[in-house]
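The listed protein sequences correspond, in order, to chains A and B.
In terms of my numbering, the first sequence opens at residue 24 and continues consecutively.
In terms of my numbering, the second sequence opens at residue 24 and continues consecutively.
Rather than coming from a laboratory, the hints here were simulated on the basis of the structure.
These numbers come from a predicted model, not from an experiment.
One or more hints might be untrue.
Stated by the list, open to error - Which chain B residues stay away from chain A? Per the calculated CB distances, all over 10 Å, these:
id: 1; residue: 36
id: 2; residue: 147
id: 3; residue: 200
Unchecked claim - DEER-style ranges, computed between Cβ atoms:
id: 4; chain 1: A; residue 1: 61; chain 2: B; residue 2: 112; range: 27 to 35 Å
id: 5; chain 1: A; residue 1: 215; chain 2: B; residue 2: 224; range: 30 to 38 Å
id: 6; chain 1: B; residue 1: 87; chain 2: A; residue 2: 150; range: 42 to 50 Å
id: 7; chain 1: B; residue 1: 60; chain 2: A; residue 2: 215; range: 27 to 35 Å
id: 8; chain 1: A; residue 1: 150; chain 2: B; residue 2: 128; range: 43 to 51 Å
id: 9; chain 1: B; residue 1: 121; chain 2: A; residue 2: 147; range: 44 to 52 Å
id: 10; chain 1: B; residue 1: 144; chain 2: A; residue 2: 57; range: 22 to 30 Å
Don't be surprised by glycine CBs; every beta carbon is placed ideally from N, CA and C.
2 protein chains.
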Amino acid sequence: SGQTLPETDFSARLRFLSEADQLKSVLRASKIADGSRHENSAEHSWHIMLYAWVLAEHSSTNIAPDRVLAMLLLHDLVEIDAGDVPIHTALAAADLARIAAAEQAAAQRLFGMLPEAQARDFLALWDEFEANNTPDAIFAKAIDRVQPILLNLANGGGSWVDYNVTLPQLDTRVGAKVARGAPLVWDHIRRLLTPWFTAQGRI
Amino acid sequence: SGQTLPETDFSARLRFLSEADQLKSVLRASKIADGSRHENSAEHSWHIMLYAWVLAEHSSTNIAPDRVLAMLLLHDLVEIDAGDVPIHTALAAADLARIAAAEQAAAQRLFGMLPEAQARDFLALWDEFEANNTPDAIFAKAIDRVQPILLNLANGGGSWVDYNVTLPQLDTRVGAKVARGAPLVWDHIRRLLTPWFTAQGRI
Ligand SMILES: [Ca+2]
Chain A
24 SGQTLPETDF
34 SARLRFLSEA
44 DQLKSVLRAS
54 KIADGSRHEN
64 SAEHSWHIML
74 YAWVLAEHSS
84 TNIAPDRVLA
94 MLLLHDLVEI
104 DAGDVPIHTA
114 LAAADLARIA
124 AAEQAAAQRL
134 FGMLPEAQAR
144 DFLALWDEFE
154 ANNTPDAIFA
164 KAIDRVQPIL
174 LNLANGGGSW
184 VDYNVTLPQL
194 DTRVGAKVAR
204 GAPLVWDHIR
214 RLLTPWFTAQ
224 GRI
Chain B
24 SGQTLPETDF
34 SARLRFLSEA
44 DQLKSVLRAS
54 KIADGSRHEN
64 SAEHSWHIML
74 YAWVLAEHSS
84 TNIAPDRVLA
94 MLLLHDLVEI
104 DAGDVPIHTA
114 LAAADLARIA
124 AAEQAAAQRL
134 FGMLPEAQAR
144 DFLALWDEFE
154 ANNTPDAIFA
164 KAIDRVQPIL
174 LNLANGGGSW
184 VDYNVTLPQL
194 DTRVGAKVAR
204 GAPLVWDHIR
214 RLLTPWFTAQ
224 GRI
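Looking at chain A on its own, in the form it has when it is part of the complex (with noise of 0.2 Å):
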């Protein structure tokens, strides 16, 4: 295979590589657990590849871990071109289909960046991701939308100040698609996180 690779292709890959650094400087609502200063989607990325790994065996369905870690490694490079979405922001429905079409811009031009059969794989994973409707993409979904409740309540809140967000609303925006890939995980943090919405009185 790597013996008879033409040159074209390997100078393809590290171009892709190279362009994927700017994830590091694209900034998300959230702040890290010590509350210094926003996340950004390339160490976010790597977070909750780590939770995925660790938490895999609170699926409520059988996955196959490594594939939910592919999934989450590539499931934020489109936001290089259309930048992240905080979840809390209101959105018409038309907004919603504008960033679905930069998305799936953001993913033609990068992912085909590639050779074409890599660039089919990495488009078909993240398809995959997006459609939510395999047991390995509700659960890295469910992961994602876990790792910044555990950021808000390590550092006070978070973007649920920034964003006035209440516990129904949470349990609409976040809740529905944890519990539906790790249901037991979701009935565990909704516990951790019952006192701080009840002591701002956002319940």
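Given chain A, put chain B with the ligand in place with the hints provided.
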């Protein structure tokens, strides 16, 4: 599995995942590609996982990409206690032994936060990476050394300038490890970096 997991195991996992957040504050010698700031070890870990996934077919031996990904996911966590050791620091044997002991203690403390079976699995994977004796570990180590080269090339020399590195030093400290796990990758990359070292008179 998840249905019967004791509450304490789940809590232990969450504490480990929160502790891991500190890797986002461990700064490395390399800067990100645009040169604007130093890279942290969490986003570095994400980036080299992407490198490993994209370049997997260039391994000199048969590897299991999912095991390589898991190794790279975990490999830098010890830096939370032991710090990052820039590869171009000149170190005496006694310093190396002290660092190795600090990293071993860090692995015991951090992975020891997890439920017992999982702690054992994570420690075994970290030990395998450090021992650098299996195909998966050799490829993972190679990839860990490749990524900073591309960052330095992108931002005008980076840590090669800061540590006054010559091409023969890079061959010894980095090239040998990369060539062991991915010889064609090293061939290609060495051609890319020769012009910079030549222009700088560092050959
Ligand atoms: Ca390292």
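| field | Reported absence of residue 200/B from the contact zone with chain A (all CB gaps over 10 Å) | value | 17 Å, holds
| message | Can you tell me whether the CB distance of residue 60/B to residue 215/A sits inside 27 to 35 Å? | response | About 33 Å separates the Cβ atoms of residue 60/B and residue 215/A, which means 27 to 35 Å holds.
| Has the hinted range 27 to 35 Å been met by the Cβ atoms of residue 61/A and residue 112/B? | 31 Å, holds
| message | A range of 22 to 30 Å was offered for this pair. Does it hold for the Cβ distance of residue 144/B and residue 57/A? | response | 28 Å, holds
| said: Looking only at beta-carbon atoms, does the pair residue 87/B, residue 150/A fall within the given range of 42 to 50 Å? | reply: Given about 25 Å between the Cβ atoms, the range is violated.
| query | Between residue 121/B and residue 147/A, does the beta-carbon spacing fit 44 to 52 Å? | reply | With a Cβ separation near 47 Å, residue 121/B and residue 147/A satisfy 44 to 52 Å, so the hint holds.
| task | Determine whether the Cβ-Cβ distance between residue 215/A and residue 224/B falls within the hinted range of 30 to 38 Å. | result | 59 Å, violated
| Minimum Cβ distance from residue 147/B to chain A greater than 10 Å, as the annotation requires | 14 Å, holds
| request: Take the C-beta atom of residue 150/A and the C-beta atom of residue 128/B, compute their distance, and say whether it sits inside 43 to 51 Å. | output: Holds - the Cβ-Cβ distance for residue 150/A and residue 128/B, about 44 Å, lies within 43 to 51 Å.
| said: Over 10 Å from every CB of chain A: does residue 36/B meet that, or does the non-interface label fail? | reply: Not fine: 5 Å to the nearest Cβ puts residue 36/B too close to chain A.
Going down the numbered hints, you'll see the structure goes against 1, 5 and 6, while the others check out.
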